[in-house]
Amino acid sequence: MFVRADNGIEVTLADFYKAGREALKLSILAGAGHMGTVISEPAVNRPGLALTGFMEHFAWDRIQLIGLSEDAYMKSLDPATRTARFVSMVEAGAYCFIFAYGQMPSEANIKLAEERGVVLMSSPLPTRRLSAQAVFALERLTAPRISLYGTMIEVEGLGVMIEGDPGLGKSETALGLIRRGCALVSDDLTCIRKDVGNNCLFASASAATAGYMEIRGIGIVNVRRIFGASALREEKRLEMVITLKRLRDIVDKVERVGQGRRTKEILGVEVPNIVIPVSAGRDLVNLVETAVKAHKLATSGYDPVSELSEHLRIRAERTSNG
Amino acid sequence: MAKITRELTLLNKYGMHVRPAGLFAKTASKYDCDVEVEKDGNVVAGKSIMALMTLEASCGAVLKVTADGDDAEECLDDIAALIGRKFDIPDEQ
Chain A
1 MFVRADNGIE VTLADFYKAG REALKLSILA GAGHMGTVIS EPAVNRPGLA LTGFMEHFAW
61 DRIQLIGLSE DAYMKSLDPA TRTARFVSMV EAGAYCFIFA YGQMPSEANI KLAEERGVVL
121 MSSPLPTRRL SAQAVFALER LTAPRISLYG TMIEVEGLGV MIEGDPGLGK SETALGLIRR
181 GCALVSDDLT CIRKDVGNNC LFASASAATA GYMEIRGIGI VNVRRIFGAS ALREEKRLEM
241 VITLKRLRDI VDKVERVGQG RRTKEILGVE VPNIVIPVSA GRDLVNLVET AVKAHKLATS
301 GYDPVSELSE HLRIRAERTS NG
Chain B
1001 MAKITRELTL LNKYGMHVRP AGLFAKTASK YDCDVEVEKD GNVVAGKSIM ALMTLEASCG
1061 AVLKVTADGD DAEECLDDIA ALIGRKFDIP DEQ
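Chains A and B, in that order, give the protein sequences. Number 103 in our numbering belongs to position 103 of the first sequence; there are no gaps in the numbering. If you want our numbering, it's the position in the second sequence, counting the first as 1, plus 1000.
Bound-form chain A, shown alone (with noise of 0.2 Å):
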């Protein structure tokens, strides 16, 4: 079952602001008022050639990153040309300047800047340093995310998430895996965000809920007073999706072999996926334990199927030829 779906999302200059504060280390110098502007085209723009006057093809739908050589050359331009070629920009659409390496805009231009509804900030940080981070930042505000019912955890350093209807067992199999020695992410409701880039998923528990479980009959749990710090883990990639399903309702359905490889789609990106039936006396600890080592092995290019069926070949030609 899905739950919140934010493809397309719109990311404001505040959202930025926030998700970015401890990395860019930004302080907002100008147009506090207007944090709630839209950033168009989630990248930055180093305005080189526009600050010449030079107006073509200006990216004015981008973050405007003010680096030591556009304020330097700026700084070299007499007040009347500075001002005008700053109002081109902002005329060309131009909503956002940061300023690298701590360095402040003229106070003409932050009143400027307040005038014409125009967010200026600054940033400690080198240019080079503030461009990647800034991106980063932007990349994961922009990424498609979902949110999930199932329990995700790491088993043997894989990802897995747990999903299946309430009262299968989840969050009981993923207590007996954190027993052995796995980390848990989220319980019961996983936030799953895409890299793009990459086109694979990470997953993350809510921030209201991060480091606890609920167990039915002895109730909340604080995983890490329990367990300890190595039994949480912040984030993990999604790479194993495990379905818990009562054996009576896909009885037919299955697996025996274990070769025919099934995938989940979540965000686009294909997640290899396993049905584990519930019945009584199964010990589905034991089990996504177990699939996980299968599923290790089969990656790592190790066909159990294929073996046995060589075995069994080899045996029966010995027996024929007598």
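Calculated from the structure, these hints are not laboratory results. No false leads were mixed into what you were given.
Short, incomplete list of chain A residues facing chain B, as computed with Cβ under 10 Å:
#1 191
#2 205
#3 206
All C-beta atoms, glycine included, are put in the ideal place defined by N, C-alpha and C.
Knowing the structure of chain A, use the given hints to seat chain B on it.
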């Protein structure tokens, strides 16, 4: 089968924290119908404590509670009464 939605306002002092979420999920779980709760566009399962807490709904927040099933009406009556009684939590009346 009936699918009913009601808008319910949280009245207790601290909103949807652990105990209210637990009582909400417990009440919803007494019924066979599916229960979903929406706040600001986020929709979560009404029978899951963890999911309810992720709504971070504070006092005064309006929850759109949807029940789908034969006993939807009774279920919503029960939940509305629980929210109306401020989850029977003495410190939050």
